Amino acid sequence: MRNLTLLTDFYELTMMYGYFRHGKTEEVATFDLFFRPFEESNFCIAAGLEQAVDYLENLHFDQEDVEYLRSTGAFDEDFLRYLKDFRFTGNVRAIPEGTVVFPYEPLLTVTAPICQAQLAEAALLNIVNHQTLIATKARRVCYAASPASVLEFGLRRAQGPDAAIYGARAAVIGGCSSTSNVLCAQMFALPPKGTHAHSWVMSYPSEYEAFKAYADTYPNNCLLLVDTYDTLGSGVPNAIKTFDYLTAKGYKPVGIRLDSGDLAYLSKEARKMLDAAGYRDAKIFASSDIDEYVLESLYQQGAKIDIYGVGTKLITSNNTPSLGGVYKLASLNVKGVEVPKMKISDNPVKMTNPGVKTVFRLFDKSSDKAIADVIALKGEVIDETKPLTITHPVERWKTKQVTNFYVKELYVDAMKEGKRTLPHKDVYQLQSDCKASLDGFWEEYKRLSNPHDYKVDLSDKLYQLKERLILEERKTVAK
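Residue 81 in the numbering used here sits at position 72 of the sequence shown, with consecutive numbering throughout.
Since the hints were made in silico from the structure, they are not lab data.
Since this is a predicted model, take the numbers as computed values, not measurements.
Ideal placement from N, C-alpha and C gives every residue a C-beta, glycine not left out.
It is possible that some hints are incorrect.
[What the hints assert, rightly or not] Computed cross-link-like contacts, BS3-like style, restricted to lysine-lysine with a CA-CA straight-line distance of at most 30 Å:
| hint | residue 1 | residue 2 |
| --- | --- | --- |
| 1 | K455 | K434 |
| 2 | K464 | K409 |
| 3 | K417 | K352 |
| 4 | K374 | K428 |
| 5 | K428 | K378 |
| 6 | K221 | K202 |
| 7 | K428 | K417 |
| 8 | K484 | K395 |
[Said to hold, decoys possible] Derived Cβ-Cβ restraints for the label pairs, each shown as a range:
| hint | residue 1 | residue 2 | range |
| --- | --- | --- | --- |
| 9 | V390 | V348 | 21 to 29 Å |
| 10 | I479 | P46 | 42 to 50 Å |
| 11 | P460 | S375 | 17 to 25 Å |
| 12 | S215 | P460 | 45 to 53 Å |
| 13 | K359 | N51 | 13 to 21 Å |
| 14 | P46 | M211 | 34 to 42 Å |
| 15 | A286 | Q309 | 26 to 34 Å |
| 16 | E218 | S441 | 50 to 58 Å |
| 17 | W406 | E482 | 22 to 30 Å |
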C-alpha cells in the first residue's frame, strides 16, 4: 500500500509541531467527520471507511518523509526524531459503508492523541468526502434508472486515476452493477464490463463485417454498438443480420448498444425491429451523457432500455462536484478530564455539536421504516418502552411524538488502539448493505425532487450541553 502520510495540508504539521513544543502530545482529542447540508440530496450514502482505516493503519513517516520535512526548515530536530516512531494508536467509531446518513451526523469519530488525530484530518476528508459523494450520486442514478441496471463508465472523464478507481468502487456501493474500469475491477473483485468502440466498426470495410468479426470473437457475449453510421438505417439491421448468423451457429446474441441521438425514440424503434426479427430477449444498452434527470425523462417517454452505461456525470457528480465534509474537534481529554468542545459561529450552519457522540436510528415496529435519527452523547440510552418527543435541532417549536418504535445504534468500532476491528466486506456485500439501508426508508424520503424532510434530532442532553457552552462563551466575550 502507498504511504499517504504526507497527503495532508501543511498546517496539520505545523499544528502538530506546536502541540509537541507545548507539551500537549499526550492530550487525547476526539474529532468528528460529518457533512453539512448537501445541495443535490437530502441524504448521502456513507462510503470510504475501508480506505480510511487502511490509511490510519499505515500512518508513519518514512526516512525520506522526515528528510523532506527537515528541508522545509519549519521543524526542529527533536520533533523530527518524534516523527520517526510516529504511528496511529487511537480508536475509530464509524457508521458502516452503505448506510444512509444525514447532515451533521458524524460518519466517523477519531479518538487519539491530538497529534495523531490532527494529522489525519485532510486525508480522511479526502477519502470519505469523495467516495460518499460518488456513492450518493450513484444511488440517485440507479434509483432513476430502475428497473434497468447501471454500469459505471466514467474512467476517462474522472479527475485522475484515484478518482476513477475509488469513484468506481463507490458507484458500485451506491448501486451500479459493475464498472468498465479494469484496475478497479481487479482491485475489488468486480467483473469488468465493456464491448467495443466506434473505432472497431470504422476499422473494417463495412459495418456488417465489423459486427460479424466481433461476433466470431465473442459469440457468447455479442453486444453490438449500432450508431457509428446510421442507427436505424444500417446499425440495427446489420446487428440483426449478425444475430441471424450467430443463431445459425447455435449462439444467443446479447443485444445492441446506443451511444448517441434521441435515446428514447431510437430505443423504441430498435425494440420494434428486434422484436419483429424474433429477438425479443435481446437487450438494449444505452450510454451518452446520462444522469438521473435524463433517466427520469427517458422513463417518462417510455424508452425501451434495459441497461445504462453512465460515465461523466456520475464519476464527477457534475451537478454538485464536492461534498461539504468537515472534521471538527468535539472533545479534549486533559489529564483524565473530558472537556467538550464546539465551534461557535453567527452562521448556524457552521456551528458544531460538542462532546463524544453516537447516532441512533429509530424504526417503526409495524413497518420497519425509519422514523427519525437522534444524535446523542456517547453512553446515552433511548428507552423504547416510552414515547419519545423528536424536536427540530434548531427550530425547537417543531416537535413530533413517536411511539411503537425500536432503536438501532449506527456506530460500529472500526479501530481500537490503532488496530483494525472493522470486518472486511467485499463491494457487493456493501452494495447489499446499501440496499437494505435504503429499504428502511419510505419512498417520500428517497425521491429525487422535493423529498420529504427526514428528522434528525439532538438528544436533550446534547442540546443542553450545546446551549451551556454557547452561554458560557457569551459570558466570556462579555467580560
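To see whether the hints hold, each was checked on the structure:
1. K455 with K434: Holds, at about 25 Å.
2. K464 with K409: 9 Å, holds
3. K417 with K352: Between K417 and K352 the Cα gap is close to 28 Å, so the pair holds against 30 Å.
4. K374 with K428: 37 Å, violated
5. K428 with K378: Given pair K428, K378 is violated - Cα atoms ~35 Å apart, limit 30 Å.
6. K221 with K202: 20 Å, holds
7. K428 with K417: 25 Å, holds
8. K484 with K395: 37 Å, violated
9. V390 with V348: 21 to 29 Å: 23 Å Cβ-Cβ, so the 21 to 29 Å window holds.
10. I479 with P46: 42 to 50 Å: 21 Å, violated
11. P460 with S375: 17 to 25 Å: 22 Å, holds
12. S215 with P460: 45 to 53 Å: With Cβ atoms ~51 Å apart, the hint holds.
13. K359 with N51: 13 to 21 Å: Once the Cβ atoms are compared, 20 Å apart, the range 13 to 21 Å for N51 and K359 holds.
14. P46 with M211: 34 to 42 Å: Distance hint for P46, M211 is violated at roughly 48 Å.
15. A286 with Q309: 26 to 34 Å: 28 Å, holds
16. E218 with S441: 50 to 58 Å: 43 Å, violated
17. W406 with E482: 22 to 30 Å: 24 Å, holds
The structure fails hints 4, 5, 8, 10, 14, 16 (numbered hints given earlier, in ascending order).
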